[in-house]
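Trainee: Chain by chain, the residues:
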Amino acid sequence: MFKRLLSISLLSLLAIGFVTVSQANAQQNLEIGYVDPQEVLNKMPEMKAVQQRLQNFIDKKRQEYAEKQQNFQQQVSEYQQKQSVISESAKQKEEERLGKLNSELQQFQGQIQQEIQQKQQELVGPLLDQIDQAVSTVAQNMGLTYVINRRTSQGDAIILYTSQQAQQKYNITEEVMNELGI
Amino acid sequence: MLLFVLSTTAFGQIKIGYMNTQEVLSQMPQRSDIEQQLNTFIQNKRQELQQRTAAFQDSVAAYQQNKSSMSEAQIQQEEQQLSQMEQSLNQYQQSLQQQIQQRRGALLQPLYDKMNEAISTVAENKNLDFVLNEATSTGENLIYYSSSKQLDITQEVLQLIKDTSDSSAKN
Numbered sequence: 001m002f003k004r005l006l007s008i009s010l011l012s013l014l015a016i017g018f019v020t021v022s023q024a025n026a027q028q029n030l031e032i033g034y035v036d037p038q039e040v041l042n043k044m045p046e047m048k049a050v051q052q053r054l055q056n057f058i059d060k061k062r063q064e065y066a067e068k069q070q071n072f073q074q075q076v077s078e079y080q081q082k083q084s085v086i087s088e089s090a091k092q093k094e095e096e097r098l099g100k101l102n103s104e105l106q107q108f109q110g111q112i113q114q115e116i117q118q119k120q121q122e123l124v125g126p127l128l129d130q131i132d133q134a135v136s137t138v139a140q141n142m143g144l145t146y147v148i149n150r151r152t153s154q155g156d157a158i159i160l161y162t163s164q165q166a167q168q169k170y171n172i173t174e175e176v177m178n179e180l181g182i
Numbered sequence: 001m002l003l004f005v006l007s008t009t010a011f012g013q014i015k016i017g018y019m020n021t022q023e024v025l026s027q028m029p030q031r032s033d034i035e036q037q038l039n040t041f042i043q044n045k046r047q048e049l050q051q052r053t054a055a056f057q058d059s060v061a062a063y064q065q066n067k068s069s070m071s072e073a074q075i076q077q078e079e080q081q082l083s084q085m086e087q088s089l090n091q092y093q094q095s096l097q098q099q100i101q102q103r104r105g106a107l108l109q110p111l112y113d114k115m116n117e118a119i120s121t122v123a124e125n126k127n128l129d130f131v132l133n134e135a136t137s138t139g140e141n142l143i144y145y146s147s148s149k150q151l152d153i154t155q156e157v158l159q160l161i162k163d164t165s166d167s168s169a170k171n
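Residue numbers (the working numbering), protein chains in the order written: chain A, 1 to 182; chain B, 1 to 171.
Just chain A, same shape as in the assembly (with noise of 0.2 Å):
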């Protein structure tokens, strides 16, 4: 007697465990990993030429700028010099010349900064395609359901925290990395 109620106990037990056992496995369905895109991207042989030839790009840029910059300096030291002789529309005209010049010269230095970020996206963007392919495939083979950024471009973190048991299980970064051959 008692052995039969303990089986039918161990039985129904089984049976709960088994029916939250599957009820987890339903959940369980969402697999999730995440990736540090800048980790992979930091290590990438490709980098240090991308880096290199965005300083290049820069420094080209700084030097034209310069060059603006001493020839405005330059007319403006003209003008103060012979500012003394010439007539009052002379000047005037001088002036708004000037400051025609100067606002050009102000324009430039923010075209300048846009050119500069065209210029980065246009050398990091194959890169970053080649990590979202390597991410998708990673993630399929491991049959992820979805992958997380773990920061933004701009270094704010997404993922705040992982357990040490999360980092084991979750953190595709090393496998992406494997893909991509680094």
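Calculated from the structure, these hints are not laboratory results. Some hints here could point you the wrong way.
Claimed, not checked - Below, a list of computed lysine-lysine pairs in the DSSO-like style, where the Cα atoms sit at most 27 Å apart:
1. B:Lys67 with A:Lys82
2. A:Lys82 with A:Lys169
3. B:Lys15 with A:Lys169
Stated by the list, open to error - Stretches of chain B that chain A covers, calculated by requiring three or more beta carbons in the stretch to come under 8 Å of a beta carbon on chain A:
4. 107-121
5. 137-147
A virtual CB, placed ideally from N, CA and C, is assigned to each residue, including glycine.
Since the structure of chain A is already known, use the hints to place chain B on it.
Mentor: Just chain B now, with coordinates in the frame of chain A:
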């Protein structure tokens, strides 16, 4: 029974918490002290810029006054000097923003470290696998919706920081 417990933990759901880092950072007790330090730094730098600008303007005015009594060579030399002065002034002005950013980063780093430490402690106590950031530092949402406020650990992290800050102040 033991098997059952094991299986739920092994196959259990991932436990995810979230929090608002900006809220914690803005309410940390050390915050006002750091803001004051940063403001002092900015004021000092602004003063320096004003002094340099004034010095440059004085030099220009002095040059314009004396110009008529100067030789052509002197004028050229003087103008070259003034243009150099202007250039270095411009450079200084441009570097100011960067200097302030750097100073800000250096001052805030200990706050971030303390916050991260508190996040780890709270997450470990609550057995969380992940803690997600609710919003970026520019205020963009990373999490739009959560069905349970219990997953929000912002107040717990803040409380822990306050508690540990108090005790270290007393010691």
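Trainee: Taking the hints in turn, state whether each one holds.
Mentor: These are the hints, each one checked on the structure:
1. A distance of roughly 12 Å separates the Cα atoms of B:Lys67 and A:Lys82; the hinted pair therefore holds under the 27 Å criterion.
2. With a C-alpha separation of about 76 Å, the suggested pairing of A:Lys82 with A:Lys169 is violated against the 27 Å cut-off.
3. Simply put, B:Lys15 and A:Lys169 have alpha-carbon atoms about 13 Å apart, close enough for the 27 Å limit, and the pair holds.
4. Closer than 8 Å: that is the beta-carbon criterion, and the segment 107-121 of chain B has 3 residues meeting it against chain A, so the requirement of 3 holds.
5. Counting residues of the segment 137-147 of chain B whose CB lies closer than 8 Å to any CB of chain A gives 3, which reaches the minimum of 3, so the coverage claim holds.
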